[in-house]
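Asks: Protein chains in written order, with my numbering: chain A, 1 to 370; chain B, 1001 to 1439.
No lab work stands behind these hints, which were simulated from the structure alone. This one's a predicted model, so the numbers in the text were calculated from it and none came from an experiment. What you were told as hints is all true, and nothing was included just to trick you.
Result set (DSSO-like, lysine-lysine): computed pairs, CA atoms no more than 30 Å apart in a straight line:
#: 1; chain 1: B; residue 1: K1164; chain 2: B; residue 2: K1225
#: 2; chain 1: A; residue 1: K237; chain 2: B; residue 2: K1357
#: 3; chain 1: B; residue 1: K1225; chain 2: B; residue 2: K1214
#: 4; chain 1: B; residue 1: K1149; chain 2: B; residue 2: K1214
#: 5; chain 1: B; residue 1: K1225; chain 2: B; residue 2: K1149
#: 6; chain 1: B; residue 1: K1149; chain 2: B; residue 2: K1164
#: 7; chain 1: B; residue 1: K1225; chain 2: B; residue 2: K1171
#: 8; chain 1: A; residue 1: K237; chain 2: B; residue 2: K1306
#: 9; chain 1: A; residue 1: K161; chain 2: B; residue 2: K1149
#: 10; chain 1: B; residue 1: K1115; chain 2: A; residue 2: K161
#: 11; chain 1: B; residue 1: K1115; chain 2: A; residue 2: K182
#: 12; chain 1: B; residue 1: K1149; chain 2: B; residue 2: K1115
#: 13; chain 1: B; residue 1: K1225; chain 2: B; residue 2: K1115
#: 14; chain 1: B; residue 1: K1214; chain 2: B; residue 2: K1171
#: 15; chain 1: A; residue 1: K161; chain 2: B; residue 2: K1164
#: 16; chain 1: B; residue 1: K1074; chain 2: B; residue 2: K1357
#: 17; chain 1: B; residue 1: K1357; chain 2: B; residue 2: K1306
#: 18; chain 1: B; residue 1: K1171; chain 2: B; residue 2: K1149
#: 19; chain 1: A; residue 1: K237; chain 2: B; residue 2: K1074
#: 20; chain 1: A; residue 1: K182; chain 2: A; residue 2: K161
#: 21; chain 1: B; residue 1: K1214; chain 2: B; residue 2: K1164
So these bits of chain B aren't anywhere near chain A, every CB distance computed over 12 Å:
#: 22; residue: P1011
#: 23; residue: D1016
#: 24; residue: L1025
#: 25; residue: V1213
#: 26; residue: R1425
#: 27; residue: E1428
Even for Gly, the Cβ is constructed at its ideal location relative to N, Cα and C.
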Amino acid sequence: MATNQAPRTSSPPAPSAGLWGFLAQRWELVTLAVLAIAPLVIPALGGALGGQVTNLFIYCILALALNVMVGYTGLVHLGIASFFGIGAYCLAILTVPMYPFQIGFLAAAVIAVLVTAGTGLALGAPTLRLRGDYLAIVTLGFGEVVKVTLRNLEQITGGMKGLNPVPPPGAGVTLSGIDLGKEFAIDPRWFYYLALLALAAVVVGMRRLENSRLGRALVAVREDELAAQAMGISATKVKLAAFAMSSAVAGLAGCLYAASLSTTADPNAYDFNRSIMVLCAVILGGLGSIPGTLLGVAILVGFDTVLAPWADSWIQQMNINPKGLSYLSFSGWRLAIFGVALVLVMRYRPEGLIPSRRLAAELHEGGTGS
Amino acid sequence: MKENAGPAATPLLHVDRVTVRFGGLVAVSELDLDVPEGSIVSLIGPNGAGKTTAFNCVSGIYTPSSGSVRFRGKRLERAFTPGTILRALAVGLLTGLLFAAAAVDVDRLWMAVVKRGMITGEPFTVSGAMERLRGYFRSELAIDQMAGKWRVVSADGSDVLAIKRDLGEAKLVRDALQAKVTARRTGPGTIPDATDLDLRDDGAAPVVALPPVKEEVLDRLAGGKSRIRWRGWLGLLSGLILGAAGTLAVWQRGRRSPHVVARAGISRTFQNIRLFSSMSVLENVLVGLDRTIPGGVFSMLLRTPKNRRDEAEARRQALAALEFVGLSGDANRIAGELPYGDQRRLEIARALATGAKLILLDEPAAGMNPSEAGDLAGLIERIRDRGVTVLLIEHHMNVVMRVSDRIAVLDHGTKIAEGTPAEVRRDEKVIEAYLGGEG
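Excised from the complex, chain A in its bound form (with noise of 0.2 Å):
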C-alpha cells in the first residue's frame, strides 16, 4: 500500500511542490535568458552600466551566501562583508604581479574559496555554540578584527593603498587566437557573463541545497533545534556546514568583486556597511528565499548604485538643481528613500518581497513549538 502511496504523492518534487514551486523556476531560467541576451541586445551593458551590473551580480552572490546563515539556518551574521573581503585579498595575494605566485583565476578563486571556508570554519567552530545576539556580536566583531588585520598587516596587503593590479580573469590564457586577458579589460560584457554563470551556478547549488538532506536539517535546527537535535542531528556540525558554505560563497563573490575592479580596493571596502546592506538585501527580499534575495538585491544595490547616480545626472541634465542643493540632489535623499521603504516593507510584509514558503508558512499561521 505504500508503493501505491509513493508514486501519486511524490510525482512533484514535495519541498517545491506546487504551482508556486514550478513557477519559481520558470521565473528564474526566464531571467536567466534575458540576463544572458541582454548584452546582446542592449549596447549600454557594453559600457559602464554593465559594469554595474556585473557588480550586482557580484552582491547576488554575496547576499545568496549570507541568506544560508539567516535565511535557512537562522543566525544572524553581521560580518559577511569580511569573508567578501577575505576572499578578495585572498585572490590578489595570489595572482598580483607583485607577488611570485601569479596564478591563474581559476586555481585561485578555487585556494580562496578554500581559505574563505576555513576561515569560516574557524570563526564558527568557538562560537557557534553562542544564541542569537551574542553571535551577531561576534560575527560583527570578528567583521571588525578583519577589516583592521587587513589594514595592519601592511606588508601583505599593502595597507590602504590595496593590492593591485589584480590582473583580469583569462590573463595570458589565449583561445583560438583571442587573448582572453585583453578581452576582459577591454570588454566588460566578458565579465558581465563570468558573473552571471557564477551567480547561476551558486542558484542551482542554493536550490539543491534547500531540497537536500543538509538544506532540510538546516532549517530544522533554525525551527526548533533542540528537536532537531532529537532527530540525531548534531545542531553544531549543521550549523558550521553552514557557516562553511556561507563563507565560501561570499569569498567566491570577493574573487570576482576584486578581479573586476583589478584591485583590492581598501579594507573599507569590506567594513560593516557592506554587511548590513547585504543584510537588508536578505531580509527585505524575503529571508530563505532564493529569488527574493536576488529581488533585494536587484533593489536595494541596484538602486544605490545604478538608480541613484542614473537620478543625480538627470537632475544635473535638466538643471533643476543650477544651485547644487544638496537637499536638491537625489543622493542626498538616497539612505532617507532607503530606510522609509525598510520601514514600510517591515511594516507590512515581514517575510519579504518573494517569501520562502517555509518562512511565510511561520509567520502567518503562528508556530506551534514553545
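Dock chain B against the given chain A, drawing on the hints supplied.
Replies: This is chain B only, laid out in the frame that chain A set:
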C-alpha cells in the same frame, strides 16, 4: 514479554538511581526503572511528579545529578577515542600556529620571506623562500631595497645598518656584519678572524668599508635570534594548550547531548509539540530520516545519480512512515497547519523514522477525545508490534491501562509504585497520590 524470568537478560533501558536537582529542588529522586525490550512501559503520576524530567534525562537533554542511564547496557555518551585526542591536537596546532604567527609578527615574516625574494630580480624559488624563512628565525641580516638603493637590514627590517648603491657591495657588507653578529652570539673565540673579514677580501673583489655600527645595535641583533625563537615557541605552545584544552572541554560538555542519544537509538516526542512547523509534513519525517541518508555535501551539490536514488528512497520511507500513522494524505501540507491530533501523530512518525529501538512518547494523547485516544492506543500497540519498545507518559488512564505491560508511578520525584496495570490500580499509595491522602 519473555524478559521477566532470565536474570542474564539486560533490559533495553536501565535507569539506575537517577536523581535530578535544579538548585535546591529535587525533580527526580533515586529513580530506578527498567524497560524490557519489546514492551510498553508507562510512567504516570500527578502533574509535577518529575515524569518529563525523567524523560529529558533519558533523551540527553538533562544530565542527571547522580545515577546513570544505560541503553543496552551502555552509557549513552560519546566514546573517548583516539580521534577525539587527534581532533583536539589538530585544533590546538592550528591555534598554536595562529598565535605563533602573531607572536613572530607575520607581517614582517611575509616581507622577509616573500617580498625580499622578489627584489633582487632572481626568479622566486621555494628553496630560496625556505632559506629566507630560516634566516628570519635565525635573525640573520638581509638585503632590502628602497628607493633604488640596497640596504643591509636586520631580519625583521627594523634596523638599517648600511645603504649601498651596488648589490654586490651590499652583500659583502651583509656577510661581514653577519659574521660580527654571529661572533657576538657564539662568543669571541669561535670565529677567530671575525674582525678581519670586514676589511680584506681575497682576489679582485673590492674592499668594502664597514659602516660604523653601534655596540648596542650589535647586541640587539645578536639577541634577536633567541628572542624571535622564544616568542615563536611561546606562541605555539600557548596556542596549542589553549586550543587543545578548549576543544576537550567543549567535547566533554557535549558528551551527552540529545543527538548522541538519538543516534544510539532512542527517539522521542515532546509534551508541547515540537514539529518543524513551517516545513511540510513529508519534510518533517525526512528530517527524522536524516541519519539514514548517505552522502555528503558534494554528492548533494552535484546531485549524483546515487544521491537522487537515496533521496527517492528516503522519500519512500517517509511516506511509509506517514502511512503507518495515517497521515499519508497530508504529506505536502505545512506541518503547522495540521490539526492538533495529527501533529501529535506526525511527531510519532518523525520519531519512528529515525529508526529508533526505543521511543519515548510524552503525553501523546493530551487534548484528544476518547475516540482519538483509542486510535492512539491502537497506534502505540502497532509500534510495539514493529519491534520498537515504548516508554510512555500519559494521563489518559484508558490508554495507559490498555496498552501498558508495566506501569511506574511517580509522585514528587519518587517512584511510589511499579507493576502491571492491575497491580498499580489497586496500590494504596497510588490512589492516595492521585486522590490526595489525609496527611
